[in-house]
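Undergrad: As a plain string of letters, each chain reads:
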Amino acid sequence: MEFPILLTILLAPVFAALILVFVPKEEHMLIKSIAAAGTFVSMALSLVAYFTYNQEIGGLQFVFGHDIPWIKDLGVTFFLAADGISLPMLLLTNLIGFSAVFASWNITNRPREFFILLMLLIAGVMGTFIAHDLFIFLLFYEVVVIPIYILVIIWGSSKRVTKEYAGMKLTIYLLIGSAFLLVGVIALFVKTTALAGAPDMSFTGLAQVAQQLSRFDQIWLFALMLLGFGSLISMWPFHSWSPDGYAGAPTAVSMIHAGVLKKIGGYGLVKIAVYMLPVGAAFWAPYMAVLGVIGVAYAAMGALAQKDLKYVVGYSSVSHMGYVILAVACLNVIGLNGAVANMFAHGVMAALFFSMIGFIYEKTHTRWIPDMGGLARQTPRLAVGFMLAAMASLGLPGLVSFIPEFTIFVGSFQVYGGLAVIGIAGIIITALYVLRAGANTLFGPPRPEYVHLEDIKGPELVPLVVLGTVLVVGGFLPSLLFDMINSGVVPLHAAISDVLQIGGKF
Amino acid sequence: MPAISLTHYVVLSALLFSIGLFGVLTKRNAVAVLICIELMLNAVNINLVAFSKYVTPTDFIGQIFSIFVITVAAAEVGVGLAIIIAIYRNRLSVNLDDFDWLKW
Amino acid sequence: MLVEFAMQHAWLVPLLPALAFVIIVFLTRPFRKLSAIVAVGSMAVACFFATLAAYGIFTNHEYIEKPLVYATRWFSLGLPGMPDLRVDVGVQLDPVSAMMLFMVSFIATFIFLYSIGYMEGDPGYSVFFSYLSLFGASMLLLVISSNLLQMFVAWELVGLCSYLLIGFFTHKISAREAAKKAFVTCRIADFGLLLGLLALQIVFGTLNLTELAEKIEHFEEYTTFGMLTLIAVLVFIGPIGKSGQFPLHVWLPDAMEGPTPVSALIHAATMVVAGVYLVGRTMFLFHEVPSAMQLVAVTGGFTALFAATIAITQREIKRILAYSTVSQLGYMMLALGVGSLTASMFHLWTHAFFKALMFLGAGSVLHALHHKADVWEMGGLYKKMPITTWTFVIGGLAIAGIPPFAGFWSKDEILVAALNGGHYVLFAMAAFTAFLTAFYMWRMIFLAFFGEENPANHPHESPWTMTLPLVVLSVGAIGAGWLGTPWYNIWGEWIKFGHPHHGPVNYGAMLLSIVLAAAGIYLAYMLYLKDAKKKRARKMAEWFGPVYRMLYNKYYIDELYLWFNHALVDGTARLFYLFDIYVVDGIVNGIGAFARLSGDGLRVFQSGRIQNYVLIFFLGVLAVAVLMAFTGPSAASLVLGGVK
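These protein sequence lines map, in sequence, to chains X, U and A.
Basically my numbering = 1-based index in the first sequence + 1.
Basically my numbering = 1-based index in the second sequence + 1.
Basically my numbering = 1-based index in the third sequence + 5.
Keep in mind the hints are simulated off the structure, nothing from the lab.
This one's a predicted model, so the numbers in the text were calculated from it and none came from an experiment.
We put the CB at the ideal spot given by N, CA and C, even for glycine.
Among these hints, one or two may not hold up.
Stated by the list, open to error - Listed below are several chain A residues computed to face chain X (Cβ distance under 7 Å; list not exhaustive): (1) Arg192; (2) Ile207; (3) Lys377; (4) Tyr512; (5) Met515; (6) Asp590; (7) Gly591; (8) Val593.
Let the hints inform the model, and build the full structure from the sequences given.
TA: Set out below in structure tokens:
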């Protein structure tokens, strides 16, 4: 039996959390080191998995546990596997998870509990990306909700809204999303079991049957999934949890939430909703595209009106996710590639952005843009990180986010023409708000109260180094990312276009 | 003089029950409420015995059941008084209006 | 053999400055001198390779006719055999790119050298050189790109460098705002360009220049003429922003907030001509669409005249030069629009020398006067700063169009091209602009370098690292035009689009341009040097008060944009935000509030009083009993949920 790499990746943070339970709570350094070690193991192994995945063969690899029954009567197995779509997301989770530990390096309020919850959160998010069983997928998704809630209401910060409100909003939205999803999944399960005769919850097993469902069934099932995944990926008009939630959450949670958790929505849309219900997807695609474009423009305008740094990034992430929704709605190879790649790119960039804002907040005790200025002089490294994230956010070529955006533009321009143009116009507004935030924070005359600020150093540099490297390398060598995603998207697209072509008979 | 029929028992029991219920609903004193509950239980007992006598005179289910009720009622009074005494020690009151801590 | 190597490895040219950037950032940042040496050295080596490559191209007839392309896959989507989207990166060497490669690396080398002296004492010395190197790398990448997307990447990267360098003095609010303005303005233009590229990719399935050129020749197989026109116009929007054409020229004068070497390198010689270069590169597209060509020509001609009128009234030395750059870029566009790639690239080439020279001269002056920029406060600098003055005069003669200086030949070629193409209005505009150019340039020269000395100033000549580039560039400003004289036009043999026919030498146009230039200089002389008190100049400003103010305030276009941005864009943003927190969030919170309020309503029943509960309980039992009494058990069981 080969080495269960996915299981190890999944369990490393859980194991770290278990050890943390037994560490005395005063040992801050030890606590942080254990957390760092746990996430490092996951990150290193997911890098290994990423680069040893055989793209020539493609398909599911590193399969684990498809023969371990979980609930026999429902056909649930503890099925872990990775393909070209889930590996980038897994890698992303671990890059951000590792960085998030270091972004929380200066935490002094109950660090042990904080890191235990953070480890569980990371493990939960990872689980959703490597689960190949719909039930296990949902299970991990629910695992994520609890730590998020506790992390926000204890370690969060209250500005425009209180952290309790933010935590509540975040959690309730997540739960409403999962409620829709749950109804959809149960209905899907009942329908497919009736059709196939035997229960099977694995993605591939479900998909083979679900694709044969009648047009009517597919349409309403897809609608439920779209509501569930859509509110998770902050699709307009289900986006309003995102800015408030990120503003209230502590840095690490903002990073993970904006960086990867949100992407579960997009991942689910591609790998579950579209894959299993192509006919439904084809029916809803134009509506999705419209919602996506509205999200892009609307959230960009919203970001322009913000004065709180975290709100700027919060709205900007809604705007970027609009591109992902638009891309999924294309239902072609270019669009689906772009959607997954853009999730990866946005994850790296948003996490870097939030970690830098976290440091700024830690040092200046404010996130209010008009109260800042001239930070580039005192904290040049912080400024570099901030500008890198800002430039990636506005899609600067040479950074990881440009090519994904370009492919989304190509894909959507092909399918939706004029509608896509409105979405593409978002890049102008994005430039405007990102540069405004950057300029007013970093440049201009230095303020006397910030003259003695210390630049980030030592462990604080880790998020900048890790995520910054990915930003630049991914920007100049897009094939590193795209070849992988492509190897997952091509078979998926082949499957759905097969169904759509014979779909005429429904 | 007409014989005492089932109706008389039922009326008596209904009156007794109503008096007991009135007491339960209106009395402020917890001990009084307990006494009234006893009245209601006894009204039920009368019903049980009466129906047993007139409807199924050959077996004694009603009588047996009423003995159960009396037993349980005795136990209940014991527990109830104990609770009232415990509350009185805390609150120096047996007034039911003061007992609303479970309200959120 | 070395030439062969340079041609095959032309990618080394942008790579070297890129390496310098990395080295400076990660290694030599604390060591100021070393950083400068790394930057200058790498650019010099790059220049060496570029020269060899250019030599190889120009001496080989084969490469003049057919570009030399080395390309490889950057990324592709879809099945490997027949990808849905495939983008290549590569190097395309042909006369145009070889010329640019040489020009950019040559001028960059000397401006880097100049910066060693100019930036002396600045706390961000190493950072400055790292930015310069990054810029050099991006610009050279742009030049040799074989693919439009690759070009777009470089196009944005030079924009980034421009942003960073304009805002280099980060503590200045004006620099910060100018940098932002530059980026956003170019971004708006890039939106158009990006749409154009997307359309090209979707319609023709490739962005490789050579393939596009072949396919567009018979575009009917792929698309309609209308679509092609749209694409050409969209593509042209990018150059409008990058090359500071009306109406997106507003960022270029403000960009002078950056250090002077930056103005010379980026905002005069290289980056701003990227727009012209792009149009030149995609000439095969514009060539098919006469209306787009017309648009290019008119935009160029109008910008040339428009910027020249503004330049007349400006006071700051670098601002005058900036408007002159805008105006000269207009010339280049005009030349492209009338169909002469040769003339446009020729002017681009000569302009790079004399405008870089003049900017560096201005930098030398600012260095000496401690950044006092108003030309009216200068005067008589020629005594203390001879090298700066005389090289600047050479630049002035070149830009005014006095033979045999470089600008004359290229400007003449543009005028002739306009005339030959039958664009008489544009010809007249260009000719009048030539007159204005001579006038405002020499107004500046007379005011700043000649006349009486301002006693408040204590000028001194700059160090050799600054004067050497001036001298070298002034040699270029004199001789760069001799490559393309009407009598022996080797330039036209090298750089051309299609098969241009060479008409007879047009002595009339030549004479006209000399007369106009001389008249402009003479007028400036009369107003600003002969008349020592400048009475007449002041009087004229008074006579034409409203016009003067309008010109001095640049036609109030900046104010218009500012209003648009603040009132309209920010206002709309505010509206969206309010909509978000009151309507969208209102609904969300409303749902929450509904749940809470209904809970509040139901809470009345939880009084905490046992007796209330008992009463309700009893009434409930009573109701069921009554129901059972009147309707029988079946109906009651319905109410009780199936209990029988």
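Undergrad: With reference to the structure, classify each hint as holding or not holding.
TA: Hints, one by one, checked against the model:
1. Arg192: With a closest approach of 4 Å, the A/Arg192 hint holds.
2. Ile207: holds, 5 Å
3. Lys377: violated, 21 Å
4. Tyr512: violated, 48 Å
5. Met515: violated, 44 Å
6. Asp590: At 5 Å from the nearest chain X Cβ, A/Asp590 passes the 7 Å test, so the hint holds.
7. Gly591: violated, 9 Å
8. Val593: holds, 5 Å
In terms of the numbered hints stated before, the structure departs from hints 3, 4, 5 and 7, listed from lowest to highest.
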